[in-house]
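Residue numbers (the working numbering), protein chains in the order written: chain A, 10 to 307; chain B, 143 to 240.
Hints listed in this document are in silico derivations from the structure and should not be mistaken for laboratory results.
Quick caveat: nothing in here was measured; it's all calculated off a predicted structure.
Hints should not be assumed to be uniformly reliable.
To be verified - List of simulated lysine-lysine pairs, PhoX-like, C-alpha gap at most 25 Å:
1) B:K161 with A:K293
2) B:K232 with A:K274
3) A:K237 with B:K215
4) B:K201 with A:K211
5) A:K274 with B:K161
6) B:K181 with A:K225
7) A:K237 with B:K227
8) B:K232 with A:K295
What the hints assert, rightly or not - These stretches of chain B come out as covered by chain A in the derived footprint (C-beta under 8 Å, 3 or more residues):
9) 166-176
10) 214-228
Stated by the list, open to error - Residues from chain B that face chain A, not an exhaustive set, calculated with beta carbons under 8 Å:
11) K151
12) F154
13) M155
14) I234
15) K235
16) Q240
Glycine included, every Cβ here is placed at the ideal spot set by N, Cα and C.
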Amino acid sequence: MTTEIVCILPCNGLDKSLGVITREVSLQVIEKKSDVQLICPVLLNNGDERYETLIQTAKIIIINGCMTRCPTKLIEKRNLKPFKQILIPDMFKKYKVKSAKTLILNEENIKLAELIADEIITDLNKSNQEKDNAIREFQEQEFFDITVDKYYFTVPKDGYFFNENDCWIKPERNTALLGITDYLQNAAADILFVDLPELGCKIEQFGDIGSFESSKTILQLISPGSGKIIAVNKSLEQNPEYLNQDPYRKGWFVEIELDNFEEDKELLMNGSEYFDYMKNKIMKEKNHLDQINDERDV
Amino acid sequence: MSKSYDADKETFMGAPRNKIPWWPTIDYEKCNFCMECDKFCPHNVYAKTDNEKQLLNVKNPYNCVVFCRACAKTCAPDALTFPVKSEISKLIKKLRSQ
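So that you can see chain A by itself, here it is in the shape it has in the complex:
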């Protein structure tokens, strides 16, 4: 599962067997990993607008057929850094295969293309796993806060959006982190178990992303956004207390690749709006509890 958009850019030089192998490698990769996008080097060289936009944010894999390294030059020219570069002659040495030097690939060259494609996919998966396990870096954040009785509630002032189900989304370009609010973790009390979703699942806005169990209840995380799950915070399985201690940062739940955040935003609140909504909810609950206590005392 990719954590970002991944593109593969072969040299596709059709007049040399090395170029034909780069084409075969790319086709094998997209056959095995359908979310990888193939870039035509000729069209990119012509300044195709769609490709120009795509490569700005994507992970780029370059397959060079020979030392001319045409696709590398196309990327370097745009001041971008590829995720991985492959040079086919190096691969002949690495996998101890002889080049047939024919434009129609023989069995051995097709096998080599398969090995290179598998290597690329392994590297992609490894990199995503590393990202899944990595602790996200968060900038210093200012919070709205309120204390009610012995409870302290915070809401980030900027960068986060909220639904009325007390879950947050923090968009960043085409991806977003999601989690629960301080209100929800306070309501849940000590969280003991989390049930994280599978990578790659598609979720709709307000769909169930996962659940968590505390000493007093089971709660669901109801998604503020729609998209595909590209990372989950595995550290919560060992440290569910992160949800209580730091719900807006270390307690992030999942990361999604956004479908259409502009549309999702129509049904979300910003920090200031959610803070007002939360205060209202807390006060209603407090009044209700006070009423019950008063009735009990009478």
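Mind docking chain B on chain A? Use the hints.
Coordinates of chain B only, in the frame set by chain A:
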């Protein structure tokens, strides 16, 4: 924390709560009246009844938190269903625009 709502006054995401048909439906063919959902729900959505064939009912549908289906997790015979979320969110958008 149980509480009662005045559905005529309550809103959800800016839409009147009493216009949003979100609450559980009990399949009485499956329900074994274990009452786990009633014990679980902090919003008094369910209530016990004297009707022998339907010992449980949805007494306060508008108390149900829109999009919450947590009680369904407690239901071993899988007797609780909810509306389709995407249809409800479409309806909320429509209600907000009115």
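For each hint, the structure was consulted:
no.: 1; hint: B:K161 with A:K293; in the structure: holds (22 Å)
no.: 2; hint: B:K232 with A:K274; in the structure: holds (13 Å)
no.: 3; hint: A:K237 with B:K215; in the structure: holds (23 Å)
no.: 4; hint: B:K201 with A:K211; in the structure: violated (34 Å)
no.: 5; hint: A:K274 with B:K161; in the structure: holds (22 Å)
no.: 6; hint: B:K181 with A:K225; in the structure: holds (12 Å)
no.: 7; hint: A:K237 with B:K227; in the structure: holds (17 Å)
no.: 8; hint: B:K232 with A:K295; in the structure: violated (33 Å)
no.: 9; hint: 166-176; in the structure: violated (count 0)
no.: 10; hint: 214-228; in the structure: holds (count 4)
no.: 11; hint: K151; in the structure: violated (11 Å)
no.: 12; hint: F154; in the structure: holds (6 Å)
no.: 13; hint: M155; in the structure: holds (5 Å)
no.: 14; hint: I234; in the structure: holds (7 Å)
no.: 15; hint: K235; in the structure: holds (6 Å)
no.: 16; hint: Q240; in the structure: violated (14 Å)
Violated hints for the displayed structure, listed by number in ascending order: 4, 8, 9, 11, 16.
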